[in-house]
Amino acid sequence: MVERDVMVQVDRVSKSFIKHAKRGKVDVVPVLREMSLDIHRAEFVSIVGPTGCGKTSVLRAIAGLLPIDGGRIVVDGREVNGPGRERAMVFQDPTLLPWASALDNAAFGLKQRGIRKVERRARAQEALDLVGLGHRSGALPQELSGGMRQRVGIARALAVDPSVLLMDEPFGALDEITRRTLQDQLVRIWEQDKKTVIFITHSVEEALYLSDRIFVMSHAGHIIETISDLMPRPRTREQESSEEFVMLRAKIWEALS
Amino acid sequence: MEAMTASDAQTAKRSAPSLTSRDERLVRDWKRGRRRNRIAAIGLPLAIAIGFVSYWQYATTHRSNASVLIPTFTDFVRATWKLLGLGDFWHAVWISESALLTAFGMAVAIGIPFGIYVGRHRTLDGLTSGYLDIAVVTPTAVFMPLIIVFLGPTYWARVTVIFIFAFAYIVLPCRVASSTVSGDLVDMAHSYGAKKTAVWRDVIVPASVPGIFAGLRQGVAHAFTGMFLIELTFLAVGLGYLIVGYEEAFDPAYVFGVSLIIVVQAAVCMSVFQYVENRLSAQWRSAGRK
Amino acid sequence: MTAVEVAPTSAKAQPRIPRRKMRPITLEVIGLAVGALAWEIVGLAKVSRFLPPLDDVVGRIWDLLQSGQLREPLTQSLSNLLIGYAISVGIGVTVGTLMAVSKYVDYALRIYVNGLMATPSILLVPILYVVFGLSSFTLIAVIVLYATVFIVANTRSAVLGARHDLTEMSQAFGTHPVRGFFEVTLRSAGPEIFGGLRLGMGRAVKGMFNGELLIAVVGLAQIERTYAGAFDATGILAIALTILIIAVALTAALEALNRALNSWAVSHSRPSS
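Chains as they are written, first to last, in the working numbering: chain E, 996 to 1252; chain R, 199 to 488; chain Y, 14 to 286.
Only chain E is shown next, with the shape it has when bound in the complex (with noise of 0.2 Å):
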């Protein structure tokens, strides 16, 4: 009965990795240990976690950009073995072609889907338009500031037109006005068509201000707290203040250490 609602499922994955020591000795580091958890159709969830508790990589495994070693990832009833098209990627360094303009680098996922240039150009501006960047369309990356280009990495996600989005730290790099201008700005995208979204982040008010569920990762994919009971929506930035929010805070902060 839930399972419709389902839309990526993460089940019982493992990956390890690895790791020589010296003198011929092996060492295997698991990254992620028998790590299982459901997201909902049009559902914002976070996940945080310290560095190196492995929510990059279950990130990326449902990217399909990491091989797992054992279990499945089911992405709206299909197994994932390998990148797909319902899933579009935000990475932390934007990583945008530096030779090419914000329009063609907003375009590059409808390129590759075969979308013909007329068209992938009015869909990539739909989308720099969204990101509030529809003016900038021909600017290089390097002419442009790092929240910018982060924007126009969003863009080039949301103009393949995903299911699921997925966010790994997109603002983990940027000062801290632009990023809440993004954060702000992330949300209006999201109640306007209601992604799935998955948002990897160590910033605990930034995954209480954006997600309707958070889970706290420990290590390993071992997760520790799951917190879906969260402030109504439409959230404002005075809430941040709200007892409720400093309570959730505290809940957080406390499984995490």
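None of these hints come from the bench; they were simulated from the model.
Check the hints yourself; a few may be wrong.
Computed beta-carbon distance windows for the label pairs [said to hold, decoys possible]:
{"#": "1", "chain 1": "Y", "residue 1": "Thr107", "chain 2": "E", "residue 2": "Glu1114", "range": "29 to 39 Å"}
{"#": "2", "chain 1": "R", "residue 1": "Arg230", "chain 2": "Y", "residue 2": "Leu147", "range": "47 to 57 Å"}
{"#": "3", "chain 1": "R", "residue 1": "Arg230", "chain 2": "E", "residue 2": "Glu1186", "range": "35 to 45 Å"}
{"#": "4", "chain 1": "E", "residue 1": "Asp1170", "chain 2": "Y", "residue 2": "Glu268", "range": "34 to 44 Å"}
{"#": "5", "chain 1": "Y", "residue 1": "Pro190", "chain 2": "R", "residue 2": "His388", "range": "52 to 62 Å"}
{"#": "6", "chain 1": "R", "residue 1": "Ser219", "chain 2": "Y", "residue 2": "Ile104", "range": "24 to 34 Å"}
For each residue, glycine too, the CB sits at the ideal point set by N, CA and C.
Starting from the known structure of chain E, arrange chains R and Y on it as the hints suggest.
Below, chains R and Y without anything else, positioned relative to chain E:
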């Protein structure tokens, strides 16, 4: 396992391999891969060498055209071995390489301090950089005839040729190294009251050491080039004379032999400098660079 | 919103210029001009009969060009150079890329590439001479020997050091790996590959002249040798200057091509966040 979900009950039936056996499989695969890599790293170049030598030997012993001068591989090895025991050969080495040593020593003695100083001096750097840029792309050999005309067929003509071959290549890496010594490091030294000479002695020169070795390596390569070129063209003495003689006597195995021995010499010199350079720049990279 | 919007405008007003470019290029020109002037003065002062003033040398080049004496050797030398360089680029970029992509190719060839890098190429020329004899084929072989290994080594390290984050990004958007390799990985390595091509050009010019001088005395080296035999310093310097100009011009042309093809990497500093 706190994060149990509805789907878990369903999938729990599937027999998942236990963690330990999966880890064992991972380690096994990894070790197998590493073993394969090690075999390939030695085996593949060795196979190429053996294939090359076999083909060489086969093609030269079964040739139909006797006028082809390529010696067989075994002749070449025999000739090299003979050369190593030949007094005349070592005499030729001495004639050639005494000039090489003199010239290289001079180029080092002038080039290293010059390069390091120029790298720290903005104006001087700008004024000389045009010449250094040109020196790198132009064949130095174009100036060889002029030196012969100036100095005649003398020892010092050879020394001069080798010197101008090596000089720019010694200066350039030293210049790059000293110009990229971090300004913070220099400021730090000043802030601790270091005087100008102390800054040079304790900061700039030590920080340029990897560049110095890069210069030595490139310089020695070009010094060998200069030595070889002058002796084979305008001034047939030493090793050049030997090679020309063997060529004229149709003794190609010896031509190969002399070349090989000098190649090995040059390669050993360069490898030693390269080794020191790599070691030092790996240590230096972590600190003191821009 | 405003804070984000304002930042790039001011950045646009003051484009970021890499430090290297701020080096006064004028100093370089002054340095060369001073050298040329000193040469002219020493020449006019008749310090040595083997040091003619610069204008005599330039005049000689002009005469040689006018009389057509330079045409044949120049065509000879340059056609060998271009053929040899084209072969070097073809082999060098292909092999270097293969070494970066396949570890087995790398295992097989790395030791030989390193060995050739650690060997002054001229030392192998007598061997080429024995193998290929006295022909323009040998001259081209010398050029290939001089240039290829540098292009291989630079291409290999360029592709190895390419922006693999970009490659991964393109995978995430479903790019076919082969297409992604050519359109993203190789392209991001472009500027560094060009660095190798520029180095290779300098090497090729050296290979051209040294080969001519050493094996078959033809082309520009032949004229210079004739002048050397006649103790004609003006002639020697005229040829030397001609080759110097060719070398500098070809390298500059390659640099211009690099700027045109890889303008994103040349005219801007690396993005910093």
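Evaluated hints:
For Thr107 (chain Y) and Glu1114 (chain E), the hinted distance range of 29 to 39 Å is satisfied, since their beta carbons lie about 36 Å from each other. Distance hint check for Arg230 (chain R) and Leu147 (chain Y): the Cβ-Cβ separation is about 53 Å, which falls inside the suggested range of 47 to 57 Å. Look at Arg230 (chain R) against Glu1186 (chain E): about 52 Å separates their beta carbons, and that is not inside 35 to 45 Å. Between Asp1170 (chain E) and Glu268 (chain Y), the C-beta spacing of about 37 Å keeps the proposed range 34 to 44 Å intact.
The supplied range of 52 to 62 Å is met by Pro190 (chain Y) and His388 (chain R), whose beta-carbon atoms lie about 53 Å from each other. Restraint check, Ser219 (chain R) to Ile104 (chain Y): a C-beta distance of roughly 48 Å breaks the suggested window 24 to 34 Å.
Checked against the numbered hints listed earlier, the structure breaks hints 3 and 6; every other hint is satisfied.
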